[in-house]
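> For reference, each letter of the sequence shown is one residue, going 1 to 219 in full-length UniProt numbering.
Treat each hint with caution, since some may be false.
[Stated by the list, open to error] Straight-line C-alpha distance at most 30 Å; calculated DSSO-like pairs for lysine-lysine:
hint	residue 1	residue 2
1	K34	K61
2	K168	K182
3	K143	K168
4	K113	K143
5	K34	K191
6	K61	K182
7	K34	K186
8	K123	K186
9	K168	K191
10	K61	K123
11	K123	K168
Calculated from the structure, these hints are not laboratory results.
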Amino acid sequence: MSDRDGNTPLHCLNDLLVQNLIREASTLALLLLKAGGDINVVNNEGRTLLSYAVAVPEAEKLVHLLLDYGALVWPSRVCTIAARKNKEEDVVESLIREREESAFTWFIKSTLKHCEIRPGHLKILYLLCHSMSEEEGDPRRMKRRVLSTMIHYGRSYRVMGPIFSQLKRIISPFWTQPQPLKYLCKRKIRKAVGGGSVPRDLYLPKSLRDYLELERTEF
Numbered sequence: 001m002s003d004r005d006g007n008t009p010l011h012c013l014n015d016l017l018v019q020n021l022i023r024e025a026s027t028l029a030l031l032l033l034k035a036g037g038d039i040n041v042v043n044n045e046g047r048t049l050l051s052y053a054v055a056v057p058e059a060e061k062l063v064h065l066l067l068d069y070g071a072l073v074w075p076s077r078v079c080t081i082a083a084r085k086n087k088e089e090d091v092v093e094s095l096i097r098e099r100e101e102s103a104f105t106w107f108i109k110s111t112l113k114h115c116e117i118r119p120g121h122l123k124i125l126y127l128l129c130h131s132m133s134e135e136e137g138d139p140r141r142m143k144r145r146v147l148s149t150m151i152h153y154g155r156s157y158r159v160m161g162p163i164f165s166q167l168k169r170i171i172s173p174f175w176t177q178p179q180p181l182k183y184l185c186k187r188k189i190r191k192a193v194g195g196g197s198v199p200r201d202l203y204l205p206k207s208l209r210d211y212l213e214l215e216r217t218e219f
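With the sequences and hints as input, model every part of the structure.
Okay, here's the thing in C-alpha cells:
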C-alpha cells in the first residue's frame, strides 16, 4: 500500500523524524514491521525509511531496529542486477541510481550538512558498516562502493578532507584483508541466527550477544 508518491506507511514515519519525535517513530516502525511492512520498498524519490533515519544523528536506535529487521543499505541492488539482465536501462545509469539511493549516501550527506561527525553519526556509521560488510560479503567490493561514494561527494565540497579522513579510518577495518577470524565467526553466527533480541536461554557469552544484538558496534 502506497500513495501517489510511492510512500508506504513506513515512509510516512519520516514526518515524525522531521519533528524530532524519534521515540514515537521507532515505536510505530516496530508495529508496522511486526505487521509485515516491507522495509526495503523505495518511494518515487528512491528513498527507504532507513535512508531517512541515517540522516538524523539522534535516530541511532531506529537505525538499529531497521537493520535488525533486514533493511538494506543498498536496497536497489537487486533491481540494478535485473535491469542489466533485461537491458532495460544503461548499466552506468543503473549504477549511478544505485549509489544515489543508498542509505550510506544519505549518511554522507548528513555529515556534510552538519560539517562534522557527531556522536550519533559515529554510532550510526558503525551500524551501517556491520550491515554493509554482511551485504557485500567481499570486503574489496565494500571498499570500492564506499570509496566511490565518498569521492563523488568529496568533489562537491572544499573542506571535507578531515571529515572524510576520519570516516575512512573508522570504516577501513571492515574491508581489511584478511579480516580477523573472531569477527568473521561472529558475522557468520549473526547471519545464521538473525539480528534482534537473542533469547536469554541460549546462554551466549556477553561479547557474542552484544555483537548479535549490535550493542557493541566497534570492529
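> Next, verify each hint and record whether it holds.
Status of the hints after comparison with the structure:
1. K34 / K61: Roughly 17 Å separates the two Cα atoms, so the pair holds.
2. K168 / K182: holds (22 Å)
3. K143 / K168: Answer holds: K143 to K168 is near 10 Å, not above 30 Å.
4. K113 / K143: holds (23 Å)
5. K34 / K191: Judged against 30 Å, a Cα distance of about 20 Å means the pair holds.
6. K61 / K182: holds (25 Å)
7. K34 / K186: Given that 30 Å is the threshold and the Cα spacing comes to 26 Å, the pair holds.
8. K123 / K186: holds (19 Å)
9. K168 / K191: With Cα atoms ~25 Å apart, K168 and K191 stay inside 30 Å; holds.
10. K61 / K123: holds (9 Å)
11. K123 / K168: holds (15 Å)
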